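Protein chains: 2
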Amino acid sequence: VTIELITTGSELMLGRILNSHQQWICRQLADLGYTVKRHVSVSDTASDIGQAVKEALARANWVITTGGLGPTSDDLTRDAIASLLGRSLRQDPVILEQLKSFFSRRNRPMPPNVALQALVPEGATILDNPFGTAPGVHFDLNPNPFQSPGQPASLFLLPGPPRELRPMFTNCVLPLLLAKHPPRQSYAACTLRTVGIGESHLEHLIAPPLQPLINAGLEIGYCSRPGEVDVRLSARGRHPDSVLESARTIVRNLVGHHVYGENEDELDAVVVNLLRKYRRTLATAESCTGGLIANRITNIPGASTVFTGSFVTYSDHAKQSCLGVRLATLESHGAVSEATAREMASGARDRLQVDYALGVTGIAGPEGGSPDKPVGTVFIALATPHHVFVIHPLNPLDRLTFKYVVSQQALDLLRRTLLADSP
Amino acid sequence: VTIELITTGSELMLGRILNSHQQWICRQLADLGYTVKRHVSVSDTASDIGQAVKEALARANWVITTGGLGPTSDDLTRDAIASLLGRSLRQDPVILEQLKSFFSRRNRPMPPNVALQALVPEGATILDNPFGTAPGVHFDLNPNPFQSPGQPASLFLLPGPPRELRPMFTNCVLPLLLAKHPPRQSYAACTLRTVGIGESHLEHLIAPPLQPLINAGLEIGYCSRPGEVDVRLSARGRHPDSVLESARTIVRNLVGHHVYGENEDELDAVVVNLLRKYRRTLATAESCTGGLIANRITNIPGASTVFTGSFVTYSDHAKQSCLGVRLATLESHGAVSEATAREMASGARDRLQVDYALGVTGIAGPEGGSPDKPVGTVFIALATPHHVFVIHPLNPLDRLTFKYVVSQQALDLLRRTLLADSP
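So the protein sequences, as listed, match chains A and B.
Quick note: the first sequence uses the working numbering, first residue 4, plus one each step.
Quick note: the second sequence uses the working numbering, first residue 4, plus one each step.
No lab work stands behind these hints, which were simulated from the structure alone.
All values derive from a computational prediction rather than experimental measurement.
Using N, Cα and C, we set each Cβ at its ideal position, and we do this for glycine too.
Check the hints yourself; a few may be wrong.
[What the hints assert, rightly or not] Far from chain A, some chain B residues (derived; all Cβ distances over 12 Å): (1) A55; (2) E202; (3) A286; (4) I296; (5) D319.
[Unchecked claim] To be clear about the criterion: a stretch of chain A counts as covered by chain B if any three or more of its residues have a C-beta under 8 Å from a C-beta of chain B, and this derived list gives those stretches: (6) 14 to 24; (7) 64 to 76; (8) 115 to 124; (9) 254 to 263; (10) 335 to 349; (11) 404 to 416.
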């Protein structure tokens with residue numbers, strides 16, 4: 004199968020937003036062994052959209068578009084494609100009812116232009132959109148009118164908002180693709196997600212021992228982002244599963260303590276799952292991370308069973324009144340110090356009566372650094388039932404990257420401690 | 004001038020990285036009044052790259068590629084384009100010397116494959132790369148061999164790493180573009196950023212009164228994301244500045260209270276700037292947002308001058324012990340109630356001695372809803388020096404979108420109140 008992706012939107016062509024659809028869709032397909040042959044972006048212009056789809060269907064037999072299905076005047080994809088394929092549009096009464104109920108559930112009047120989204124091209128299949136108003140559209144083109152001889156082709160029109168697009172892609176497009184075009188070669192892949200080790204160091208440790216598996220069909224890729232490095236292992240050929248398993252074992256034996264999960268695992272979810280598994284509770288006391296750790300923890304469904312709360316204590320007064328940090332400590336060591344981090348963690352642990360508490364204080368910048376304590380300085384304390392641990396990395400980064408990297412370091416400290424403390 | 008952009012790289016097509024080149028280059032051009040007509044991504048395959056460039060030159064007269072100029076085996080752009088245009092490659096002695104000196108300055112031996120980067124297609128102009136090893140290439144195609152009649156066309160091959168690409172684009176490509184194809188029409192644009200109003204409703208209100216300006220060269224675009232909608236106004240023609248100013252005035256007169264900023268403004272930064280301007284202090288008490296509001300506030304440099312801290316009180320116990328919410332309130336109204344939100348906001352305001360405090364309690368889901376209080380229920384209280392306001396929107400969304408939308412609603416409540424309270 005030859006797959007092409009078309010993302011539409013003037014905001015893309017004007018550089019107003021990042022094209023996250025390209026990465027997300029390509030990744031979902033790559034994880035199953037499919038490769039997107041070409042990705043095209045065009046603006047919200049009927050002629051540009053029509054031309055891009057026509058050219059894609061002339062080359063490919065599985066074409067996906069995103070965007071342009073909404074109710075406003077610049078949502079032109081549905082019309083452009085119906086006209087390209089010579090299909091008329093009819094109003095679908097079921098979708099119209101769904102639109103009306105979407106607004107009535109929210110106690111809001113339905114603006115008249117919303118009803119445009121109930122227009123469906125003749126002969127197309129509707130893809131349900133439980134997370135928004137614009138349904139998706141699937142054309143089963145048999146034959147493909149833009150190739151000769153025309154083989155069957157599939158054309159999908161998906162909505163632009165990610166929280167509508169992603170479930171529709173996963174629930175409607177992928178199952179059809181797997182059914183109609185099962186991956187031709189056997190293929191296996193996994194991504195090992197690591198924290199606390201740099202990309203070059205990681206490659207230096209694992210690449211030589213993995214070398215013999217390359218001839219057996221192994222491919223290795225590295226993807227470094229602030230606070231973590233992914234190792235992508237994939238294998239094609241005669242025995243992809245066993246090649247992959249050998250590679251995974253080698254990596255885990257060499258750097259397993261850095262591997263916090265695989266594939267879609269995220270460090271915050273891994274930590275919440277460990278807390279649930281071991282029935283431990285957590286609180287945080289955050290200064291320089293400003294609530295990011297609490298925010299990441301509470302992004303995980305079910306966090307409320309293990310996470311009690313957080314004190315974001317930006318001022319010295321808040322550190323004293325909320326956490327019981329002593330004035331003497333602040334005066335003699337400063338707010339950014341090992342002693343303050345310890346008292347923050349202990350104070351949060353006592354006041355919220357939890358098993359574990361993180362205390363984080365540092366200098367996110369761009370202002371506030373000194374020769375002694377430059378921007379990037381941080382103290383991360385973890386109060387446990389037995390001890391208070393403190394780590395003191397230096398992260399000279401921009402403000403937002405600093406906050407994120409510190410949250411990774413704090414969550415990883417907790418992850419390792421939970422694993423060490425538990426049977 | 005018709006501009007097309009081609010980004011190459013298997014890591015793009017496998018979804019391993021975000022395509023930041025698309026946004027950056029499109030934005031640079033849009034800010035000068037140029038629009039990229041089409042953007043294409045292909046993997047590191049000579050035939051895909053050659054075909055994409057050939058097709059682009061058949062449609063456009065200004066084509067830019069990124070990536071594939073380095074020394075490794077998957078860097079194929081230079082070869083593919085030379086072969087497409089029937090040009091041979093010659094080794095450029097000046098570039099070879101630069102490569103040698105790049106390595107000798109760093110006291111590193113030059114690997115043999117590096118010399119490949121000194122190969123230059125016949126008849127091409129070299130673009131200096133002060134930040135890396137791979138020079139850029141400019142073909143002045145006169146005539147364009149893929150159009151008939153062939154008008155002049157320019158083809159640029161730029162390196163992939165952002166810190167090499169961006170200066171080369173700014174210093175080499177833009178000046179040539181401005182000289183050869185000065186923006187034909189004068190151009191003006193701005194983006195009005197709104198909160199608290201849906202895309203359809205917004206268009207319904209502003210599109211009819213803007214209609215008369217369309218003939219004078221106005222274009223309107225909408226971009227809806229959870230919790231906000233952008234209205235992009237742009238104007239070409241004889242008087243773009245006055246057309247734009249008229250349009251902006253119409254929009255601000257109709258929905259000005261929803262407009263929190265323009266262009267690069269973000270709601271969190273707007274709120275921090277208002278607090279600084281009016282010398283007011285803020286604290287937050289967050290249950291269902293789990294620290295997201297504090298995290299957004301503390302993303303803004305200088306937040307520490309106005310933001311004291313936050314209580315993330317996930318458990319009932321934390322709501323009582325940290326904020327002084329009464330047991331009777333929790334028992335008779337529940338943790339998710341107007342009464343609890345009020346006591347959270349007032350408690351945070353008293354305990355952290357600030358001017359304003361937000362209190363937020365709701366049901367983020369996916370669990371925890373009931374017929375009375377479904378997932379998406381939220382109470383947002385704002386304690387001010389004079390009153391406690393409460394709003395009670397319903398946001399039946401996935402967990403992360405819910406948190407973000409609630410943070411927008413809370414920050415907007417604070418923004419409006421600050422504007423109303425201040426002279």
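Each hint tested on the structure:
The Cβ of A55(B) sits about 7 Å from the closest Cβ of chain A, inside the 12 Å cut-off, so the non-interface label is violated. At roughly 6 Å from the closest C-beta of chain A, the C-beta of E202(B) falls inside 12 Å, breaking its exclusion from the interface. Against chain A, the non-interface label of A286(B) is violated: not every CB pair exceeds 12 Å, the least being about 8 Å. For I296(B), the shortest C-beta to C-beta distance to chain A comes to about 8 Å, within the 12 Å cut-off, and the non-interface label is violated.
For D319(B), the condition that its CB be more than 12 Å from all CB atoms of chain A is violated, with the nearest at approximately 10 Å. Counting residues of the segment 14 to 24 of chain A whose beta carbon lies closer than 8 Å to any beta carbon of chain B gives 10, which reaches the threshold of three, so the coverage claim holds. Only residues whose beta carbon comes within less than 8 Å of a beta carbon in chain B count, and the segment 64 to 76 of chain A has 4; three or more means the coverage holds. Counting residues of the segment 115 to 124 of chain A whose CB falls under 8 Å from any CB of chain B gives 3; the rule of at least 3 is met.
For the segment 254 to 263 of chain A, the stated coverage by chain B is violated: 0 residues have a C-beta nearer than 8 Å to a C-beta of that chain, whereas at least 3 were required. With 0 residues having a beta carbon nearer than 8 Å to a beta carbon of chain B, the segment 335 to 349 of chain A misses the requirement of three or more and the stated coverage is violated. For the segment 404 to 416 of chain A, the proposed coverage by chain B is not satisfied: 1 residues have a C-beta within less than 8 Å of a C-beta in that chain, short of the threshold of three.
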